[in-house]
Amino acid sequence: MASYTPTVSIDAPRTCTGGNGHLPPRRYDADDFGPPSFDVRLRRARLGLVVGLTGIAMIFISFTSAYVVRQGLPTLDPRTNALLHDWFPVPLPRLLLLNTGLLLISSLTMELARRQAVRKTLAQLASVPGVSADAKEEISWLALTVVLGLSFLTGQWMAWRELAANGFYVSSSPSSSFVYLLTGMHGVHLFGGVVALLSAGFASLLRRSADSQSILVDVTGWYWHFMAVLWVYILCLLEFVH
Amino acid sequence: MGLVLLVVIWLITFVSTYFFIAKTWWLPTGASAAAAGIDHHFATTYLVMGIVFVAAQVSLGYFAWKYRERPSAPPARYVHGNNMLEIVWTVLTAILFIGLNLMSSSIWASERFRPAEPGATQVEVTGMQFQWYFRYPGRDGRFGATKPELIDASAGGESALGLDTTDPASKDDVVTGTMVVPVNREVELILRAQDVIHSFFIPNMRFKQDAVPGLAIHMHFTPITIGDYEVTCAELCGLGHYKMHGMLKVVSQEEFDKWLAAREAEKQ
Amino acid sequence: MAGGTGGGETIMATREFAAHEAHAHAAPQGFIRKWVFSLDHKVIGLQYYFLALTAVFVGMFLSLLMRIHLIWPNIHLPLLGDIKPETYLTLVTMHGTIMVFFVLTTAPQGGFGNYFLPIQIGAADMAFPVLNMLSFWVTALAFIVMLGAFFVTGGAPLHGWTGYPPLSAVPTAGPGEGPGADMWVISIALFCLGALMSALNFITTTLDMRAKGMSMMRMPLTCWAWFITAILGLLAFGVLFSAGILLLLDRNAGTSFYVPLTVFSGQMVAHKGGSPLLWQHLFWFFGHPEVYIAILPAMGLCSQLVSVFSRKPIFGYKAMVYAMLSIGLLGFMVWGHHMFMSGMSPYSAFAFSIMTMAIGVPSAIKTFNWLGTLWGGRIRLASPMLFAIGFVSLFVSGGISGPFLAQPTLDIPLHDTAFVTGHFHLIMGVASIFGIFAATYYWFPKMFGRMMNESLARWHFWLTFVGTYCIFMPMHYAGMAGQPRRYSQFTELHYLEKLIPLNTFITFAAFVTISAQLIFIFNLFWSMKAGKKASDNPWEATTLEWTTATPPPHDNFGGHTPVVYNGPYEYSVPGAPRDYVMQTDPATVAAH
Numbered sequence: 001m002a003s004y005t006p007t008v009s010i011d012a013p014r015t016c017t018g019g020n021g022h023l024p025p026r027r028y029d030a031d032d033f034g035p036p037s038f039d040v041r042l043r044r045a046r047l048g049l050v051v052g053l054t055g056i057a058m059i060f061i062s063f064t065s066a067y068v069v070r071q072g073l074p075t076l077d078p079r080t081n082a083l084l085h086d087w088f089p090v091p092l093p094r095l096l097l098l099n100t101g102l103l104l105i106s107s108l109t110m111e112l113a114r115r116q117a118v119r120k121t122l123a124q125l126a127s128v129p130g131v132s133a134d135a136k137e138e139i140s141w142l143a144l145t146v147v148l149g150l151s152f153l154t155g156q157w158m159a160w161r162e163l164a165a166n167g168f169y170v171s172s173s174p175s176s177s178f179v180y181l182l183t184g185m186h187g188v189h190l191f192g193g194v195v196a197l198l199s200a201g202f203a204s205l206l207r208r209s210a211d212s213q214s215i216l217v218d219v220t221g222w223y224w225h226f227m228a229v230l231w232v233y234i235l236c237l238l239e240f241v242h
Numbered sequence: 001m002g003l004v005l006l007v008v009i010w011l012i013t014f015v016s017t018y019f020f021i022a023k024t025w026w027l028p029t030g031a032s033a034a035a036a037g038i039d040h041h042f043a044t045t046y047l048v049m050g051i052v053f054v055a056a057q058v059s060l061g062y063f064a065w066k067y068r069e070r071p072s073a074p075p076a077r078y079v080h081g082n083n084m085l086e087i088v089w090t091v092l093t094a095i096l097f098i099g100l101n102l103m104s105s106s107i108w109a110s111e112r113f114r115p116a117e118p119g120a121t122q123v124e125v126t127g128m129q130f131q132w133y134f135r136y137p138g139r140d141g142r143f144g145a146t147k148p149e150l151i152d153a154s155a156g157g158e159s160a161l162g163l164d165t166t167d168p169a170s171k172d173d174v175v176t177g178t179m180v181v182p183v184n185r186e187v188e189l190i191l192r193a194q195d196v197i198h199s200f201f202i203p204n205m206r207f208k209q210d211a212v213p214g215l216a217i218h219m220h221f222t223p224i225t226i227g228d229y230e231v232t233c234a235e236l237c238g239l240g241h242y243k244m245h246g247m248l249k250v251v252s253q254e255e256f257d258k259w260l261a262a263r264e265a266e267k268q
Numbered sequence: 001m002a003g004g005t006g007g008g009e010t011i012m013a014t015r016e017f018a019a020h021e022a023h024a025h026a027a028p029q030g031f032i033r034k035w036v037f038s039l040d041h042k043v044i045g046l047q048y049y050f051l052a053l054t055a056v057f058v059g060m061f062l063s064l065l066m067r068i069h070l071i072w073p074n075i076h077l078p079l080l081g082d083i084k085p086e087t088y089l090t091l092v093t094m095h096g097t098i099m100v101f102f103v104l105t106t107a108p109q110g111g112f113g114n115y116f117l118p119i120q121i122g123a124a125d126m127a128f129p130v131l132n133m134l135s136f137w138v139t140a141l142a143f144i145v146m147l148g149a150f151f152v153t154g155g156a157p158l159h160g161w162t163g164y165p166p167l168s169a170v171p172t173a174g175p176g177e178g179p180g181a182d183m184w185v186i187s188i189a190l191f192c193l194g195a196l197m198s199a200l201n202f203i204t205t206t207l208d209m210r211a212k213g214m215s216m217m218r219m220p221l222t223c224w225a226w227f228i229t230a231i232l233g234l235l236a237f238g239v240l241f242s243a244g245i246l247l248l249l250d251r252n253a254g255t256s257f258y259v260p261l262t263v264f265s266g267q268m269v270a271h272k273g274g275s276p277l278l279w280q281h282l283f284w285f286f287g288h289p290e291v292y293i294a295i296l297p298a299m300g301l302c303s304q305l306v307s308v309f310s311r312k313p314i315f316g317y318k319a320m321v322y323a324m325l326s327i328g329l330l331g332f333m334v335w336g337h338h339m340f341m342s343g344m345s346p347y348s349a350f351a352f353s354i355m356t357m358a359i360g361v362p363s364a365i366k367t368f369n370w371l372g373t374l375w376g377g378r379i380r381l382a383s384p385m386l387f388a389i390g391f392v393s394l395f396v397s398g399g400i401s402g403p404f405l406a407q408p409t410l411d412i413p414l415h416d417t418a419f420v421t422g423h424f425h426l427i428m429g430v431a432s433i434f435g436i437f438a439a440t441y442y443w444f445p446k447m448f449g450r451m452m453n454e455s456l457a458r459w460h461f462w463l464t465f466v467g468t469y470c471i472f473m474p475m476h477y478a479g480m481a482g483q484p485r486r487y488s489q490f491t492e493l494h495y496l497e498k499l500i501p502l503n504t505f506i507t508f509a510a511f512v513t514i515s516a517q518l519i520f521i522f523n524l525f526w527s528m529k530a531g532k533k534a535s536d537n538p539w540e541a542t543t544l545e546w547t548t549a550t551p552p553p554h555d556n557f558g559g560h561t562p563v564v565y566n567g568p569y570e571y572s573v574p575g576a577p578r579d580y581v582m583q584t585d586p587a588t589v590a591a592h
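Protein chains in written order, with our numbering: chain V, 1 to 242; chain B, 1 to 268; chain D, 1 to 592.
Rather than coming from a laboratory, the hints here were simulated on the basis of the structure.
Predicted model only: the values in this text are computed from it and were never measured.
One should not assume that every hint holds.
To be verified - Computed list of lysine-lysine pairs in DSSO-like fashion (alpha-carbon distance at most 30 angstroms, straight line):
no. : chain 1 : residue 1 : chain 2 : residue 2
1   : B       : Lys66     : D       : Lys318
2   : B       : Lys258    : B       : Lys23
3   : B       : Lys243    : D       : Lys84
Stated by the list, open to error - Reference excerpt, derived from the structure (chain B facing chain D, CB under 8 angstroms, subset only):
no. : residue
4   : Arg77
5   : Val251
6   : Phe256
7   : Trp259
8   : Leu260
9   : Ala262
The beta-carbon is built from N, C-alpha and C at its ideal position, and this holds for glycine as well.
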């Protein structure tokens, strides 16, 4: 005998509109040892994301410390036995500013997508089976975010081409190495976010349930915002810290 | 089983302690000014940690035997801990450990916080796979320039260091494969490495310092006993790491002067 | 003394099971989904365990070859031929790398942690089962890549598990530093990803999935250990990953993060300006927490076992928790003690040494508390307890040499000598391994429904306990006498000749000890098929895994939800009907 028992509490709508993004208050749901409810799964996924972002942050913190150390490090010129500074900042292509704009806008569309997805799920959970939820046409903010994200990545690639055209390759100088390293690592992580969004977008094809899809979108949303902030941080580091 | 455990733990403890006390295998004879201080602090740490070692292992073995389950044994004591005891042993351990460290800090400071004295014998030590070279600045007291393009390891000596013979300061530089220094005078070392990280280790002098490519590291020590001392490499540097060794000869001041003069004369 | 089913006395209602298509707790069908790409944390735990078991035999074999070469440098071995000096260093490198990563960072956490954390906190599985499955397979892939390094041109690298550049960054620096070194870095990078994913799961599970009544301060100390280990892993593996990326770039993209202008056999490299010390800082920032990752789960288990087998609550539960937390926190502030001789500032060295002495304090506290638990107990010397007591002895021995190395003054003669090798082997290579053995003997009945053979276990214990002391205690003497690390033979230096007899003794002790591990392997596999059938709670322990069936059902508790009323160490409670009170027993309201 299978039965589906929704356990959405009145707390849930507050969290699902995104609001301030606080985690819902901890509740013992051990009375229900069946499948965890939507809000429990959402909370758990968000907790997992926070933990995961901490791990990712450590990667970029290490790169930052390598960057700072390398900048200040005088190296011994074996020819003269003298210490010299060999840090010459790379002039960054203006294209990066355009890319930044794209990414920030994509953060906006991502937020809209996130709210849209969770709202849809709540509507479905509260609806009577057999009668579908309001199916009015909405802009797929998700698709727009994917497009903007891919545009950002394309723009980054073009910025690399521009650097190379100006003679700055990954091995040209210590500062150029860091430019490629930091932008490249960020790009890889952002691409991961794009893949997650595509996976959510094609949820029905992958036979994933609607609430799993919205949890994925929600979590990817926060991840996306983190990537946007991280990008701004990287840009400031490269531009202003020498 | 409990008794066997006690016996084995106590036996291991006492046998290992015996070899530590008997100094069957021990630090080599100290021949530098710093050695006495280092060895003394070693002995202090030894004594303190040795007591802790024996006490902990003896208690472990004893408890494992004394509190073993037997029909006649009373039920275990239902106690969750003792906060006062926790505080006491935490504080005592902290005082012990940090105290030990602070005691040795003056030696560290005198070895590493101050530069070499003026008038010290200057020797530049260069490590490369798998050989140490030593360079003396000669009469002008200046080391000549070296250029990586001029390095020719197979030719040995000056070529191995890439000495730039066009530099006037190089004319009186003496490069050897054996390090010779006068006794009772501080030696200033400038440690360099050509390829990978090596480590200049003279066990009898209680001296060790990594030689890092890209750095010129200044260190000093003062030999106080005439003799020959083996020098090894103490940082994994490749397949020949085990045979990268050299010799330090500590001689009288006159002998050193004679030796150096002879080397300089060879160059003419 | 009857075993009895602890769970039977607890009042548990049988719930109906609601099927849900996203529900991970429906038992999988088919071999692939059940045993290969399983989402069940118990299966994944076993997969990690058997990966580690394979790795430990590879690692032991490598060390056997090392010990043979040291005593007989010119020996010609059947099938393998001569061991050249560079081959010896390859053995050193791969032995260290495989043991540290694929054994000590895999079995205690990925193996037993995965299996028992959810059960001990009353959860049905880990928070993210798919991620769990992926983390195992990424780790397994990393192991295959690591082994692959042996088979590429030039073979496996010889730069030590610590991989200091420029030796590890310049392909012409030595044999094996070509593609083999790239494979080594890639393997480690993959391992980092697997470890980060796993850490994410452990932390989320511990924080969010504890059963009703299971507050943090009622968790068994094993759970605390796994939790803190996961936090350390989360913060440390990202740093190693970054260091590895920079090394890969230096090796393959011509960058100079680590490599200054250097000359190999008269040839200048196409690098300049890099800092070898940068690698050391990044590596040891990871490396020091890593050694705590290797030991904390064993400490947690030791606390568990001394309590269970002394029939006494752990002495100072809160102190034990705070001690582990302090070890975790301080563990991030001591990395410079690996670099006293590196050319780092002597002032920094002093600061690091003070922090390092400080971290000795919580370790000492834990030892006092273990002794305090034994004191006044009723000790049952079953095989898990023998290994737990062995752990305490080995931890003390290995720990005592720490304060020598922590003081830079004393580190001058001891750094990079066999003294260091003895120190870390006693702690990681023996104590931590004893934790794995103890866990195996202890949890085998729960995992496989049978007991391991107790006589064979005792033989295994005695031979290993005495054998490992015979191997690693003498290394301290050799190190004090000046024997450097990573020397493929001792024939070139006059002052090392008198240490050859000592090294011979060590080699023979190694022969005996390694052979003794065959007893364990035989016992392990034989008992799975033919061991005495185990009851649900053969050790009469109180934690949640002993309240459920043996082996546990797919969702761990058979549709029930455990509710926790007591702490995890309620043994010999005055007035209680038996000398243990299950955590789920509501009848006895304990003081804690």
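Against the structure, the hints:
1. Straight-line distance between C-alpha atoms of B:Lys66 and D:Lys318 comes to about 27 angstroms, which keeps the hinted pair within the 30 angstroms bound.
2. The suggested pairing of B:Lys258 with B:Lys23 is violated, with an alpha-carbon distance near 39 angstroms, which exceeds 30 angstroms.
3. Simply put, B:Lys243 and D:Lys84 have alpha-carbon atoms about 13 angstroms apart, close enough for the 30 angstroms limit, and the pair holds.
4. Taking 8 angstroms as the C-beta contact cut-off toward chain D, the hint placing B:Arg77 at the interface holds, the least distance being around 4 angstroms.
5. Interface restraint check for B:Val251: the shortest CB-CB distance to chain D comes to about 19 angstroms, outside 8 angstroms, so the restraint is violated.
6. For B:Phe256, the suggested interface contact is broken, since its CB lies about 23 angstroms from the closest CB of chain D, more than 8 angstroms.
7. The interface hint given for B:Trp259 is broken, as the beta carbon of that residue sits about 22 angstroms from the closest beta carbon of chain D, more than 8 angstroms.
8. A least Cβ separation of about 26 angstroms between B:Leu260 and chain D goes past the 8 angstroms threshold, and the interface hint is therefore violated.
9. Among the interface hints, the one on B:Ala262 is violated; its C-beta lies about 26 angstroms from the nearest C-beta in chain D, farther than the 8 angstroms criterion.
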